[in-house]
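Hints given; two lone chains; assemble the complex.
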Amino acid sequence: MQDKEEGTVSGPTITLSATTFDEEVNSSSTPILVDFWAEWCGPCKMIAPILEEIAAEQEGKLTVAKLNVDDAPDIARRFGVMSIPTMILFDGGEPAKRVVGAKPKAALLDDLAEYL
Amino acid sequence: MIDIRTVKGAWEEMSLDDRAGREVEVAIIGSGPAGLTAAIYAARANLHPVVLEGEPSSTSDQPGGQLMLTTDVENYPGFPDGVMGPELMQRFRDQAVRFGAQIHTAKASRVDLSEQPYGIWVDDATSEDPTLRASTVIVSTGAQSIMLGLDREIELVGHGLSTCATCDGFFFRDQHIAVVGGGDSAMEEAIFLTRFASRVTIIHRRDALRASKIMQQRAFDNERIDFMWNSVVQEYLGESALTGLQIRDTKSGETSVLDVTGCFIAIGHRPNTDIFKGQLEMKENGYLITEPDSTKTAVEGVFACGDVQDDYYRQAVTAAGTGCMAAIEAERYLEDLHSRVSSHP
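Read top to bottom, the protein sequences are chains A and B.
Letter 36 of the first sequence, counting from 1, is numbered 33 in the numbering used here, and no numbers are missing.
Just so we're on the same page, the numbering used here is the position in the second sequence counted from 1, plus 323.
Hints listed in this document are in silico derivations from the structure and should not be mistaken for laboratory results.
Note that this is a predicted model, so its numbers are computed, not measured.
Among the clues, some could well be false.
[To be verified] Okay, the calculated bits of chain B under chain A, using three or more residues with CB under 8 Å as the criterion:
hint : stretch
1    : 372 to 381
2    : 385 to 393
3    : 472 to 484
Built from N, CA and C at the ideal position, the CB exists for glycine as well.
Excised from the complex, chain B in its bound form (with noise of 0.2 Å):
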């Protein structure tokens, strides 16, 4: 058999296809600046990993991860006048391949993580043989922002609804529209929607902002930007298209409406864990549980890293932090792993 480690052409050129049924060494399910930092690590250590990096949304459960829904960041290291989220995540993405990262635009439906090699099924994920195995498996799957989950939320993104601020931020220039939320994502798409918007409302449910003080000070300090405290948004108004929302005071319990042709949401994320359900142990709210000071979880051979198990940092550097440790453990990992396979033949 071809030891296709060293046929490296013909490695670069595997399609997913062709992978049917061989075993690669280092899986990252993700491709945020966690996994994409595994993948960096992990090329450079030879291990030949191969990426999943998710497939096209307008969520940020996507290529690229959260990242690739922001605009200006200003927060990580190296880039003293920022960077663009999506120009940062090609950057991670181009270091990953120029170091030898396979990388298939497609997402994982399915994993069986009971045995090693370890399956990972793509698309259909009732098939009986997995797309890919591997013996170890660095999960960075990240986390997407939640919705409200109110009547006709669905039908009207893109509607007046949006998910994305810096995709249709455009469309509403010199109008009135809403944010939901109160922490920092909520006042960056706040601040970034003024470009556009004549005036913007921050809607918020408690009477006080979770953004960090530079943000929150950001926020007040805008011209554009007022707030609603202590309020939800109950109800969104229109037929085709959002013409405002029904919203009611938490302590007082009055109903009002705000007529907003936009609404943008930024209350929270969940966990992209779905697929590890009964696998991999979990919080009670979905986040992965590692090894204290490790990316460890209870599955021999199987790491976390980035904002799948982290509920509390949250950034871009620690989620590149913690690939960098995920792709280290796995490298010690596998060595362990074959020079106990090689002393016990």
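Chain A extracted, bound-state conformation (with noise of 0.2 Å):
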């Protein structure tokens, strides 16, 4: 739980949309993280602070970018996304990792470190 809603948090995340999901994920240069997320989820807001700091640590080799669910249910029904946080990080395009729930910030690097 942080002191900031989700919605007001600017950090150095991206936000994708169900338009945007596709080129942004397929022209990244380094892999990209995605964060399935909604307002509704309470263990969303909990890592979504976390999501800002690897963001921000990673810079160049990592990025980081969230997608709301209710915003764009065909692409988590597209990857079978059936719980959140669900983070989904593609490389080349193609999903290479996938993490499921709300996790610490040091368990959260482990499951990333053959990407980072």
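As structure tokens, then:
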């Protein structure tokens, strides 16, 4: 739980939408971690600041993007997202790693280690 | 030496690393309604409480506690129209911060309650020195929901099996799903899930519910909810995602398959007391034992409040109530301790 509401966090993550998703993911020069989240999900809010930190710290190596599943349910369905937060790392436009559920920063970095 | 209590700015900006070796008056472990109420009271009493709120997780063992995974809270006084669980906990937290409680997003991994000041470790439990030393400790680590313990449970979480109805209900629109359990939590989840699912089957091992009358009635009245009585889940079916459950009838012993794409478990809770084993007295079920009408444990200066010591009421409002008691008891204990020290220099 953090001091700021998800929607008001302005950090180095980028925001995807149903229309920009494919282009951003396919054209990303670095691996791109997409956080599938929603306003009504408590654990999603909790990890939001962690993702901002990772985005800032890994700048140039990793892009961190957010996709609101309320706005893009079809994309969530396309990747079989059945639980949020789910974070999918796309490498060269293809899903390469999937992390389900909120977890501490160190554990998340462990999961992503081979791409950092 | 600078009295850190008088350097408010420095105190507020202190990280856990900065704290190493320093002693705090009140350490609060856990940040549900009990811990944060204790923090509000202790902060207002100028005791500069330090709260270890826990770490992000998709289980109820997380900052804010079990209410972070619920939707409408309808029975918390002062909210006649109800309030969302995460919003209520954000308000608790904001109120504690307003009065100066120091909240760290970190999880206690070990405690040493053998001598004062008590030691509390974060992260590496094997390091020699504790992360924090505290004159008094308020234990409010709460309880977390338990799973069935069946094969492949962990790998199916997020693939049809869910620990959080509010997080995942959205993904089961127009599908048939199951809720396992017979208490208030199970009814609440089932009713919530009918906002999305076309059909919700409640699987319960007995022939009657343990839930409160009002919740039972709401479930019975809901056209999208049906029941499988005297039934237990024996196996999760499906390869990469859940496709069904193998159910055993506890009376006849017969097994059957229920085709569902989602399964939500709400069969009960266990207290988060592992780190206190061997140091604080516990009941057989792991809940901490406190003195009657008090939050005192058998260890001087250590208090327990909220669900971690309550296997009977388990309400947000009772947790908040005992959190208040713990802070007041800690305050009185510290007053006694200081007056003892000053009269025997």
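Hints, one by one, checked against the model:
1. 372 to 381: holds (count 5)
2. 385 to 393: n = 5 at 8 Å, threshold three: holds.
3. 472 to 484: holds (count 4)
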